[in-house]
Structure formats: structure tokens, C-alpha cells
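Colleague: The chain contents come next:
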Amino acid sequence: MEVEPLTDVVVCRCQGIGGAEVLEAVATHGLATCDQVKKLTGAGMGPCQGRVCGPLLRSALLAAGVREEPGPLRVRPPLRLVAMGLLAAGAESLDQPRGTVSAKVLWGLSEGDATLTLEPEGPSK
Amino acid sequence: MKPADVVVAGAGIIGTAIAYQLAKAGVDVALLDRGHPPAGATASGASAGGVRQQNRWGPELALALRAIAIWRELEAELQADVRYRREGMAICIDDEMLLRSLQSRIDRERAGGLDVRMASGDDLRRRVPDLSPAIVAGSFCESDGHADPIRTTEAFARAAGAHGARILHDTPVIDLLRAGGQVQAVLTPQGPLPCRAVVLAAGSWTPALLDRIGATLPIRPGCIQMQATLPMPKRLLPVLGWVGHGISLKQVDTGAYVIGGGWPGRGDPERGQADVLPGSMRKSAAVVVGLIPALAGVPVTRAWVGWESFSADDLPVIGPIPGWDGALVAAGFSGHGFALAPAVGEQVARSIIDGRMTDLLRPFGPERFAAEGVSA
Numbered sequence: 001m002e003v004e005p006l007t008d009v010v011v012c013r014c015q016g017i018g019g020a021e022v023l024e025a026v027a028t029h030g031l032a033t034c035d036q037v038k039k040l041t042g043a044g045m046g047p048c049q050g051r052v053c054g055p056l057l058r059s060a061l062l063a064a065g066v067r068e069e070p071g072p073l074r075v076r077p078p079l080r081l082v083a084m085g086l087l088a089a090g091a092e093s094l095d096q097p098r099g100t101v102s103a104k105v106l107w108g109l110s111e112g113d114a115t116l117t118l119e120p121e122g123p124s125k
Numbered sequence: 126m127k128p129a130d131v132v133v134a135g136a137g138i139i140g141t142a143i144a145y146q147l148a149k150a151g152v153d154v155a156l157l158d159r160g161h162p163p164a165g166a167t168a169s170g171a172s173a174g175g176v177r178q179q180n181r182w183g184p185e186l187a188l189a190l191r192a193i194a195i196w197r198e199l200e201a202e203l204q205a206d207v208r209y210r211r212e213g214m215a216i217c218i219d220d221e222m223l224l225r226s227l228q229s230r231i232d233r234e235r236a237g238g239l240d241v242r243m244a245s246g247d248d249l250r251r252r253v254p255d256l257s258p259a260i261v262a263g264s265f266c267e268s269d270g271h272a273d274p275i276r277t278t279e280a281f282a283r284a285a286g287a288h289g290a291r292i293l294h295d296t297p298v299i300d301l302l303r304a305g306g307q308v309q310a311v312l313t314p315q316g317p318l319p320c321r322a323v324v325l326a327a328g329s330w331t332p333a334l335l336d337r338i339g340a341t342l343p344i345r346p347g348c349i350q351m352q353a354t355l356p357m358p359k360r361l362l363p364v365l366g367w368v369g370h371g372i373s374l375k376q377v378d379t380g381a382y383v384i385g386g387g388w389p390g391r392g393d394p395e396r397g398q399a400d401v402l403p404g405s406m407r408k409s410a411a412v413v414v415g416l417i418p419a420l421a422g423v424p425v426t427r428a429w430v431g432w433e434s435f436s437a438d439d440l441p442v443i444g445p446i447p448g449w450d451g452a453l454v455a456a457g458f459s460g461h462g463f464a465l466a467p468a469v470g471e472q473v474a475r476s477i478i479d480g481r482m483t484d485l486l487r488p489f490g491p492e493r494f495a496a497e498g499v500s501a
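For the protein sequence lines, the chains are X and Z, in the order given. FYI, the numbering for the first sequence is 1 to 125, going by our numbering. FYI, the numbering for the second sequence is 126 to 501, going by our numbering.
Extracted from the complex, chain X is given alone in its bound form:
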């Protein structure tokens, strides 16, 4: 299987950040950890909180030649999406089993258009 070069890959789909931008930031600033890349470029700050891009950021840093483990991204509460109203009501979002958030709520679509299901997941590995 042919592997695409990192420069051609969208590393962070949530925030729309490409591999070229990540590699440039790493080279320009001598970044050494995934968290530093996140802070500078915004990759990993989106809804998936690094679940998708975390491993790619790590690969980018290892490819750039960092010597120490660049580590997983620091986990930020609330771990998975929780509606502001639930948070406000003091709901124990982390203990909730699988929940659904309607796409209307998420994107302002009309009711019945779609429903987005949020998978219960632990912190990114």
C-alpha cells in the first residue's frame, strides 16, 4: 500500500489543518511535543479533541526527528461533547452512557434532518 506523504494529508479534520502547516510549525519553532503543536497550530483543539489527529501529530514529530516521546495530547475536560444546558444543570456528563445530540442542536438544521450519535469514548490514546 502506498503511503501518502504527510504534507498532502489533512492532519486535523476538525480544524482543517494540513500536514504541511504542522511540519512547518515543527521546523520553524523546534517543537518537541504534540501539545506544543496543538497550541501553536490549533490542531487537536476541535470536537474530536485529538482522537483522529493525535497519532498523526505524533508521527509528524517523530518524522521531524524529535528524540523523546512526543506524547499523547493532554486530555481536556469534558472528554466528550456535553451540551451547555446539561453542564449548566450540573449533569454528570462523564458518567452518562451513550447519548444522542440532535443535529438540529449542533448545526441548526431542521428537526428530523439528521441525528448525530456521540460514541462514548475514553480519552485519546
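Keep in mind that the hints were calculated from the coordinates and are not lab data. Where is the CB? At the ideal position from N, CA and C, for every residue including glycine. Watch out, some of these pointers could steer you wrong.
Unchecked claim - Partial selection, computed: residues in chain Z whose CB lies under 10 Å from chain X:
#1 279
#2 294
#3 353
#4 400
#5 401
#6 406
#7 410
#8 412
#9 413
#10 414
#11 426
#12 427
Said to hold, decoys possible - One-sided and incomplete, this derived list gives chain X residues near chain Z with beta-carbon spacing under 7 Å:
#13 29
#14 47
#15 76
#16 77
#17 81
#18 82
#19 83
#20 84
#21 85
#22 87
#23 88
With chain X's structure known, arrange chain Z on it following the hints.
Modeller: Positioned in the frame of chain X, the structure of chain Z alone reads:
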């Protein structure tokens, strides 16, 4: 280490703005930070990014007015997109009993030269359609706004470097050395760096450094917490505040709502480590929903915490450090320094070059605490 004319300790928004102005004026400056890039990792990373002039106490208003004049040209000057948006700010009230104090603040700010006015609840709802019907009035200032703190800090650092500033990361200032009362060098783990002057702009790290040199000032570290939502369709242009409710709400370019308001995190200043306080997330969310009920369904994606330095009177501490000729402090911004930074940079640089504090900065000197017997 190679000497510098001036050392700036701390590459957050304040330190980078000072270093930029010094370098631009041709001063040989070294900018040191304890962290690895992107440094300025503490307060500037947890700033809500408000760029406001309203609700400033005493001498801060004049400094804020000067800052916004610089902000207008800042992106062109630094040749960077720092996401500066000047779409106004409303500070709301939900009780007519508060009208009088709101009006007196507006009067005071107008007398100080700020174009701010009283807006009715309906005026505000025309600008912010989803605003709670509980809001009865507010102050509105067209020239307030917001910007991206990390991008702004990075832009100042980059521009400082382009003008010849030497930027040294992973290089904390751990002590100052003096002879005959005059600063001679800063001490770093890599050895002493000789200098003629030094500015301590190390945010929450500043109090420990001041203690170390026996110049204790009433500045203490504290951690503040923020949260942000999923990107949503753009609906909120101005920044919103709400008297008595601890909120600074804005919708940034990505569409995410960014929520500040001075909610505390939980941290250990000795280790510089901080954790998100769930109670702060909940209470802050409740305020958001109270102000804009339609945001109840918007999901929060993340919360984070950063260290900041708070002064005894919540005003910045900028000026000469007693007993250390050539040493200045610029810290204690108490959670509202980001907007001021461009003016602080300009004025501190001018003060160093002229050898005396500028009129705009003089009210912020550490000596104000000595008068109250607070200083050690």
C-alpha cells in the same frame, strides 16, 4: 552568555510586546522564556482575548485607549493575522436598580475620552437577537472587540526577532545580579547574561522572582479557567459581558463560542500545575445559558486553565523595582492585560529608552503599595 543591553524575562503577550518595541527602536534586547515554543504558555494561553476599553479602573482607561489606537494598525504593523475583530462589546444588566451605576460608569468613561453609550435591552437584542429577555440595558462600545491571544503573542515574538531581538527559549531567569544597586546581569541555568536593564514580565512566575531578589510586591499567582464550544454558524458579533455574573462571551472566527469570565481553576503555584475545576465549568455554563438561552444546546468541547498574576488592587504593576536600579516589573495584570499589551510594550520601551517612566505608566508603579505599607 553574550551580553544584551536589555533583558526581557517572559515571552507572553507583555514580554513580547516590550521586546518588539525595544528591538524596533534599535535596542539590543534578549527575550528569555522558561518554556519551549510556543512560549507565553501561561496567562497568554488562557486569555479570553478580549480587546476592550470599557470597565477599566482609574488609570487603565487611558492606557486602554492608547492600546486600541495601536491595535487598529497592529496587524499591518506586525504583518500577521491575529484575528482582531472590532465589532463592539456590550456589558449587560438584568436589573433596573443597576441603571444608575451603569450610567455613572458610562459618564466617567465618556469624560475619559471613550465613545461608549447606554443601550436599551431592545437595542441590544437588535444586535444580539438571542439575548435573554431578562437583559434590561447595557453599555455599548463600538470600538471594543477581540483577538487571538496565541497568534498575537506569536506575531509580536516573530516581529521582535525580525528587528533583531535575540529570543532564548528554555531559559528561565532564576536570579538578578547587581553591583552598587545597579543591575549587572540576569542569572539563568546556562549562566549569567550581562545586561544594563531588565524587565520582569514573567506573569505568574514574577512573584517568586521578586521574592528571590528580596523585593516582594503584593502580586500573587492564580489560575483562571476557560471553555469553548463546537464551531457554530456565526451569530454573535459583539463581545458580551454581564454585570455581576462573571462572563466574557464571544464567537471567534472558527465559529466556536469562547467563554471566559475569571472562573477559577485548581492549581499548585509552586509546581505551576493546574487542573480544570468542574464546578467552574458548570457555573460558567449556567451564566452563558442565562445570557443567551439558545446556547443551551451547543456542546462544550473543552475547558482549560492558565496561570496569571494578580495584584493586591487588581491593577497592573509596572515600574522600577525598589533597590534594583535598571530593573523594572511589568506583571500583576490580574486577568485583563491582553488588550493593554501593545500600549504597555510601547510605553515600557519608551520609559527604558528615556530613563524615566512615561506619564501613562507612572500611576502603575510599585511604590503605590509602599504608601499603604503592603510592600515587604
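Colleague: Which hints, by number, does the structure contradict?
Modeller: none
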